[in-house]
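Count the sequence shown with our numbering and you get residues 1 to 131, in order.
Do not rely on the hints blindly, as some may be mistaken.
Unchecked claim - Okay, the calculated beta carbon distance ranges per label pair: (1) VAL96 - HIS4: 19 to 27 Å; (2) LEU38 - MET117: 17 to 25 Å; (3) PRO46 - THR21: 15 to 23 Å; (4) ASP61 - ARG39: 14 to 22 Å.
Unchecked claim - Heads up, simulated PhoX-like pairs for lysine-lysine below, C-alpha to C-alpha not over 25 Å straight-line: (5) LYS66 - LYS109; (6) LYS2 - LYS56; (7) LYS13 - LYS104; (8) LYS13 - LYS56; (9) LYS102 - LYS56; (10) LYS2 - LYS102; (11) LYS56 - LYS109.
What the hints contain is simulated information worked out from the structure, not anything from laboratory work.
Note that the Cβ used here is the ideal one computed from N, Cα and C, for glycine as well.
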Amino acid sequence: MKRHGMLNSHISKVLSDLGHTDTIVIADAGLPIPEGVLRIDLALVPGTPSFIETVKAVSDDMVIEKITLAQEIAEGNPDTLEFIKNSFGDIEMEQVSHEEFKQKTKQAKAVIRTGEMTPYANCILHSGVFF
1 MKRHGMLNSH ISKVLSDLGH TDTIVIADAG LPIPEGVLRI DLALVPGTPS FIETVKAVSD
61 DMVIEKITLA QEIAEGNPDT LEFIKNSFGD IEMEQVSHEE FKQKTKQAKA VIRTGEMTPY
121 ANCILHSGVF F
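All chains should be modelled from the sequences, with the hints used to inform the complete structure.
Here's what the structure looks like:
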């Protein structure tokens with residue numbers, strides 16, 4: 001058994017397989033997951049695990065170069081936007097319409113579905129490199 005880092009074997013595998021600029025999505029419980037994109041479903045009950053818990057766990061084990069969010073998060077979920085800004089202030093952030101966000105999920109290597117029940121609690125994490 002691993003001593004630390006990501007324990008979920010599916011997420012660990014996806015993170016290990018990422019190349020530069022590959023993407024993964026961390027999604028609330030309601031985001032549609034495109035056909036053909038790997039779904040890693042962590043949702044247990046409403047709110048568990050939360051978007052924030054999941055982002056923290058994944059980002060501890062991933063080199064992130066850029067984050068994409070839906071523009072609607074500013075009005076629809078300002079607390080989550082504040083968490084993202086505070087956690088990743090030095091990382092490039094892109095905001096697109098929610099419809100464009102959903103289109104971009106089609107290129108993701110995986111979508112990690114949380115139990116989050118707040119609007120627009122979704123992000124696309126773009127893989128960077130550590131060298």
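Hints violated by the structure (listed by number, smallest first) = Violated hints (numbers, rising): 1, 3, 10; every other hint is consistent with the structure.
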